[in-house]
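Using the hints, position chain B against chain A.
2 protein chains.
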Amino acid sequence: MTMVAAAITISLDGYITGPNDGPGNGLGDGGERLHYWVFGGPWTYESEPKGEATGADKEYLDEGMTGVGAVVIGRGMYEAADAWGGENPFGVPLFVVTHHPDDAPSEGGFSFVDGLDEAITQARRAAGDMDISIGGGADVIRQALRAGHVDELAISIAPVILGGGKRLFDGFEQTMNLEHKALLQSPFATHITYRLAR
Amino acid sequence: MTMVAAAITISLDGYITGPNDGPGNGLGDGGERLHYWVFGGPWTYESEPKGEATGADKEYLDEGMTGVGAVVIGRGMYEAADAWGGENPFGVPLFVVTHHPDDAPSEGGFSFVDGLDEAITQARRAAGDMDISIGGGADVIRQALRAGHVDELAISIAPVILGGGKRLFDGFEQTMNLEHKALLQSPFATHITYRLAR
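Taken in sequence, the protein lines are chains A and B. The numbering of the first sequence is this note's numbering, which starts it at -1 and goes up by one. The numbering of the second sequence is this note's numbering, which starts it at -1 and goes up by one.
The following block holds chain A by itself, in its conformation from the complex (with noise of 0.2 Å):
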């Protein structure tokens, strides 16, 4: 039985990015503190990351990715990490939801598609009897929630408030029931893992 998880990292504040978001600041100012957890310790994007994830952080990389046999994101995640080079980096099928799936590129493993019920058609074909991970932004995994997609939501929470930015709840108006699955904290993120109550 195939089990959508969505996951994301935040700021206590419950930011996806810090404020002044865009191209070569891709969390915004001070956001780099989000992702310490996923490169083992401290970056910033004048000097590149070049760390991995250690301990309970790679723990939960690990089992996030354990059993997945697709993965969805948004064309902003896509854009944001620079289309990794050109290169799908999930060893799993890709699907990019996009307005435009004509830009997609002829190589690289992306697959682009027009809408996000259609991407989750398409990586549930894919994925077989495997799950689905999403992999963000925050306006995907709030459409996939929405639609009732759902069915874990992993949280990572780092230690930081950053007083403005992008809120990964921002617009949204509905209320859910969470159970908790699993627990991990490292110096660098507390991550939350929560079941969707049905």
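Hint data in this document are derived by calculation from the structure and do not stem from the laboratory. You may find that some hints are simply not true.
All copies of an identical chain are treated as equivalent in the list; a pair is satisfied when it fits inside any one copy or across any two copies.
Said to hold, decoys possible - With a Cα cut of at most 25 Å, we get these calculated SDA-like pairs of lysine to any residue:
no., residue 1, residue 2
1, K56, L182
2, K48, T0
3, K56, N175
4, K48, L59
5, K179, P40
6, K164, R122
7, K179, W41
8, K56, G67
Chain B alone, transformed into the frame defined by chain A:
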């Protein structure tokens, strides 16, 4: 050395109340879920909470009051709690931040103080070498963070998305680095205690 700790409960989407909070509905629509952990499980404003915190929740509450020599809260919280029936329930001096200190009742052990800074000053005097706990609401905690009074910030995250209400960090535009100090989880909340990095 007196340590100042602030503690409050939020939903995963950052709200300290659901929509339409007010008299008789202090935590807003559906906001009871924020405080399931306080009362050992589900309750509603219709049926009144009856239980007590257990397990990790009780441990968190007990640790939060250990070494505390004075408590500071906002007038809103005092009113929302209906003045605890007229008697300071904390067992240590309690300072209520208000613009109207003349409203103070003559009995019950409540000290009404005009302004947060003055309340902290009086609480430090009362606490001696012991610690100070800031119990909320959100406005008092935001003021205390802005003024640099807070050494520790303890956030209980209830496993619920409320979709509306009052946000803890509403209008808070400063950035602050935090460090993990403690972590506890029950079925009803994830309690993360942060140190403010200096």
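Treating 25 Å as the Cα threshold, decide for K164 and R122: within, between, both or neither. Intra 29 Å, inter 38 Å, cutoff 25 Å: neither.
Quick one: K48 to T0, C-alpha cut-off 25 Å, is that within a copy, between copies, both, or neither? neither (34 Å within a copy, 40 Å between copies)
Checking an output row: K56 and G67, CA cutoff 25 Å. Within, between, both or neither? For K56 and G67, only the intra-copy Cα distance (19 Å) is at most 25 Å; the inter-copy one is 41 Å.
Homo-oligomer pair classification [N175, K56; C-alpha up to 25 Å]: Between copies, since 22 Å is at most 25 Å while 28 Å is not.
When Cα atoms must be at most 25 Å apart, do K179 and W41 count as within-copy, between-copy, both, or neither? Classified as between: cross-chain Cα gap 22 Å, same-chain 30 Å, threshold 25 Å.
K179 and P40: within-copy, between-copy, both or neither at 25 Å Cα: Result: close only across copies, 19 Å inter versus 28 Å intra.
Under a CA distance limit of 25 Å, which applies to K56 and L182: within one copy, between copies, both, or neither? both (10 Å within a copy, 21 Å between copies)
Homo-oligomer pair classification [L59, K48; C-alpha up to 25 Å]: Close inside one copy (17 Å), not across copies (41 Å); limit 25 Å.
Comparing the model with each numbered hint stated earlier shows that hints 2, 6 do not hold.
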